[in-house]
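A.B. asks: One line per chain: the protein sequences are A and B, in this order.
The opening position of the first sequence corresponds to residue 1 in the numbering used here, with each subsequent residue numbered one higher.
The opening position of the second sequence corresponds to residue 293 in the numbering used here, with each subsequent residue numbered one higher.
Hints should not be assumed to be uniformly reliable.
Pairs of lysine-lysine, BS3-like flavour, derived with a Cα cap of 30 angstroms [as the list claims (entries may be wrong)]:
hint: 1; chain 1: A; residue 1: LYS280; chain 2: B; residue 2: LYS314
hint: 2; chain 1: B; residue 1: LYS314; chain 2: A; residue 2: LYS213
hint: 3; chain 1: A; residue 1: LYS136; chain 2: B; residue 2: LYS312
hint: 4; chain 1: B; residue 1: LYS305; chain 2: A; residue 2: LYS253
hint: 5; chain 1: A; residue 1: LYS62; chain 2: B; residue 2: LYS314
hint: 6; chain 1: A; residue 1: LYS287; chain 2: B; residue 2: LYS312
hint: 7; chain 1: B; residue 1: LYS314; chain 2: A; residue 2: LYS136
hint: 8; chain 1: A; residue 1: LYS92; chain 2: A; residue 2: LYS280
hint: 9; chain 1: A; residue 1: LYS213; chain 2: A; residue 2: LYS273
hint: 10; chain 1: B; residue 1: LYS305; chain 2: A; residue 2: LYS270
hint: 11; chain 1: A; residue 1: LYS287; chain 2: A; residue 2: LYS270
hint: 12; chain 1: A; residue 1: LYS287; chain 2: A; residue 2: LYS130
hint: 13; chain 1: A; residue 1: LYS265; chain 2: B; residue 2: LYS305
hint: 14; chain 1: A; residue 1: LYS287; chain 2: A; residue 2: LYS273
hint: 15; chain 1: A; residue 1: LYS62; chain 2: A; residue 2: LYS253
hint: 16; chain 1: A; residue 1: LYS133; chain 2: B; residue 2: LYS312
hint: 17; chain 1: A; residue 1: LYS287; chain 2: B; residue 2: LYS314
hint: 18; chain 1: A; residue 1: LYS136; chain 2: B; residue 2: LYS305
hint: 19; chain 1: B; residue 1: LYS305; chain 2: A; residue 2: LYS280
hint: 20; chain 1: A; residue 1: LYS133; chain 2: A; residue 2: LYS265
hint: 21; chain 1: A; residue 1: LYS273; chain 2: B; residue 2: LYS312
hint: 22; chain 1: A; residue 1: LYS265; chain 2: A; residue 2: LYS92
hint: 23; chain 1: B; residue 1: LYS314; chain 2: A; residue 2: LYS130
hint: 24; chain 1: B; residue 1: LYS305; chain 2: A; residue 2: LYS213
hint: 25; chain 1: A; residue 1: LYS270; chain 2: A; residue 2: LYS136
hint: 26; chain 1: B; residue 1: LYS305; chain 2: A; residue 2: LYS28
hint: 27; chain 1: A; residue 1: LYS273; chain 2: A; residue 2: LYS133
hint: 28; chain 1: B; residue 1: LYS312; chain 2: A; residue 2: LYS130
No lab work stands behind these hints: they were computed from the structure.
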Amino acid sequence: MISTENPITTMLNRIIGMSIDTYYNPYKMFEWPDELPEEQWWMSRELMTVHGTAIEQELTEKQLMAISRWESIHFYSLNVHGIRELLLEVIKRVHTPGFEIESEFFHHFIGEENEHMWFFATFCNKYGGKIYKDKKSKWSIESVEPDIESLLVFARILIFEEIVDYFNLRMGRDESLHPIIRQVNNIHHQDESRHIAFGREIVKQLFAGVRAKHPPERLAEIDDYLSRYLAASIQSLYSPAVYQDAGLPEPYKVRAALIEDPARKTYDAKVLKRTIDFLKDIRIISKGAVLQ
Amino acid sequence: VSTDAGPAIDRLKGWLRERKPKLLSDGSALDDPDFDLIENRIVDSLIFLEFVFFLEELSGRQLDTGPEHMASFRTLRAIQRDIFNGSRP
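Only chain B is shown next, with the shape it has when bound in the complex (with noise of 0.2 angstroms):
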């Protein structure tokens, strides 16, 4: 996936697709923004730590992953506001 044009929240929906595109066959559904992308098991443990390093790439910085920042990665409405916008570290 090019991280190089567009905007970010397009571009990291882009890779999860690449990623499961089993799970997001139906094409809508990253359409939500409050689609729940842990329940839904589209971020998983194992995919996590590369879903940690794409979103750093995209936003420039170094993210935390402890406790209190999990909320933070759980949907694309709290992404583009957390980590895209925001400045939570």
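Bound-form chain A, shown alone (with noise of 0.2 angstroms):
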């Protein structure tokens, strides 16, 4: 048990007991049928990239759920590498100065990504026969000071959990789904609305203090790179090899064309909605997402 001498204290006792209280086996807990029939709704329909675009209509029932099978996939290939990413930034600050309060929470946090890596990476190589790779740069482009890298951090993990919460609540309910797509998704959501807790509480304090300490300026470029992360996180779910495994052909133009439907930036703004409401209540940014 954590002291209460800080306001942060009493929700990570609260969530600290609940992992304790719902920690499970994920090694036992699932029962993986040995494959999964390829003519059925891997995603819901409303959360494919294709939904409501003027594409979806010249698609056939079986062309739209291939999309869904390796959209399926995608996702999930998108949350293995950014729980991997996740991951190495909490185990670089875990039990160092500054996150002396945090870090009895984080050895949870820490066991329980390694666990949905586990879950969402097995699911992709057992239904997919792959991971989608990680298109993402692979160095360091811009240094900053560490209090507003740490800000950063929480505030980049926050968003990917946010938009992934978003896609495992409803596919966790929905019926249509196979029950092994429901559970992994049902079992995932209910572990991230602790992380999401402490993701939002910890993005409020540490910006509290890089406020106090940097000029308007330096805010003011902390606005722009969220609000232009916000928009990029949306993009990576709009892949174009997903639409060549799915048989479409010149799969770039299709994203592009997809992108720039109005149904999907009408659906995108909405899976961004609440994750932009409480960046804009605690004023780390001032517009929303912002297209590069």
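If you follow the hints, you should be able to join the two separate chains into one complex; please do so.
C.D. replies: See the structure below:
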């Protein structure tokens, strides 16, 4: 049990208690079928990147099911890569100065995220025969002050987790999906609700420190960076490799057309709404998602 | 930006200018094939995925972005050599 001197400790004690009480063995809890039928919905229809678009109108149900299959494998692949990145960042900070209070929770976070990465990777390899490659840049381009770096790390983790949770919550409840798909999404949603609660608190706290220390120009750069990060995160859901695997010709043109489709702009805004509202509320961003 | 006409490297220059008009305002930076796109913040971590997808569309193949391949994305000379002409994955 962590002491209760800091405002964040009440929340940490609550979510650590929940982590302990709801702890499960992921290696025993799933009953993985040997295979999943290709012709089924692998992803909720409304979550697919073609949903509501002009392109969707031209596709057969069989083609849409193929897209749902590869798009689900791509979604879990993004999770695998996102979790790797966040694990590296949290492990860099556990039991280091500035994170004394949070370190007890970090142990639960690291353990749970490792298990999530395992079940997402298992799903991809078992039912897709691969994990889609991570295409993000592999070099550290921007170097910033340590306090700003920590703020951006936890803000990125929060944005990633909230987008993923939007999908998990819906797929966990969608009875048109196979039980194993529902279960993976549902379990992840339950754990992530604790991580998101923590993420919001630590972002709030880190930003209060950054705001007190840095001039308005630096805060404007953070605003700009996170607004672009929100847009880049949503765009990463649109994968030409998915459209190619589903057999669509000209996958890059398909991607560009989908991103520009008014129906997708409306839906993407819906996915990001609660995150943008929170980030605006604490005044870390002033606009919303800003395209490149 | 149209991807249907002109040499790939010119289409890439057009794509970069369209996205970073302020940083490329003097117009001549991209004439230097060794101009560092990363150091000069023309390509940053948030635009990188779109940049890779555009290069994939131009080159007609999927590209690896592992640490060992990063140098191939740094300058127009490296992009021409490794991605448009070359056989690097």
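A.B. asks: Given the hint that A/LYS136 pairs with B/LYS305, does the C-alpha gap stay at or below 30 angstroms?
C.D. replies: Answer holds: A/LYS136 to B/LYS305 is near 21 angstroms, not above 30 angstroms.
A.B. asks: For a C-alpha distance cap of 30 angstroms, please report whether A/LYS273 and A/LYS133 respect it.
C.D. replies: holds, 28 angstroms
A.B. asks: Within a Cα-Cα threshold of 30 angstroms, do A/LYS287 and B/LYS314 meet the stated pairing?
C.D. replies: holds, 20 angstroms
A.B. asks: Going straight from one Cα to the other, do B/LYS312 and A/LYS130 come out at no more than 30 angstroms?
C.D. replies: violated, 35 angstroms
A.B. asks: Would you check the hint for A/LYS270 and A/LYS136, treating anything up to 30 angstroms between C-alpha atoms as holding?
C.D. replies: Given pair A/LYS270, A/LYS136 holds - Cα atoms ~24 angstroms apart, limit 30 angstroms.
A.B. asks: Straight-line Cα separation of A/LYS287 and A/LYS273 no greater than 30 angstroms?
C.D. replies: holds, 12 angstroms
A.B. asks: So if I understand the rule, the pair passes when the alpha-carbon distance is 30 angstroms or less; does A/LYS133 with A/LYS265 pass?
C.D. replies: holds, 26 angstroms
A.B. asks: Does A/LYS136 lie within 30 angstroms of B/LYS314 when you go C-alpha to C-alpha?
C.D. replies: Holds, at about 24 angstroms.
A.B. asks: Measure nothing beyond the straight line between the CA atoms of A/LYS265 and A/LYS92; if it is 30 angstroms or shorter, mark the hint as holding.
C.D. replies: violated, 36 angstroms
A.B. asks: Measure nothing beyond the straight line between the CA atoms of A/LYS287 and B/LYS312; if it is 30 angstroms or shorter, mark the hint as holding.
C.D. replies: holds, 20 angstroms
A.B. asks: B/LYS305 and A/LYS270 were given as a pair; does the straight-line alpha-carbon distance stay at or below 30 angstroms?
C.D. replies: Violated - the C-alpha atoms of A/LYS270 and B/LYS305 are around 34 angstroms apart, more than 30 angstroms.
A.B. asks: Straight-line Cα separation of B/LYS314 and A/LYS130 no greater than 30 angstroms?
C.D. replies: Outside the cut-off at roughly 41 angstroms; violated.
Checked against the numbered hints above, the structure violates hints 5, 10, 12, 19, 22, 23, 24, 26 and 28; every other hint is satisfied.
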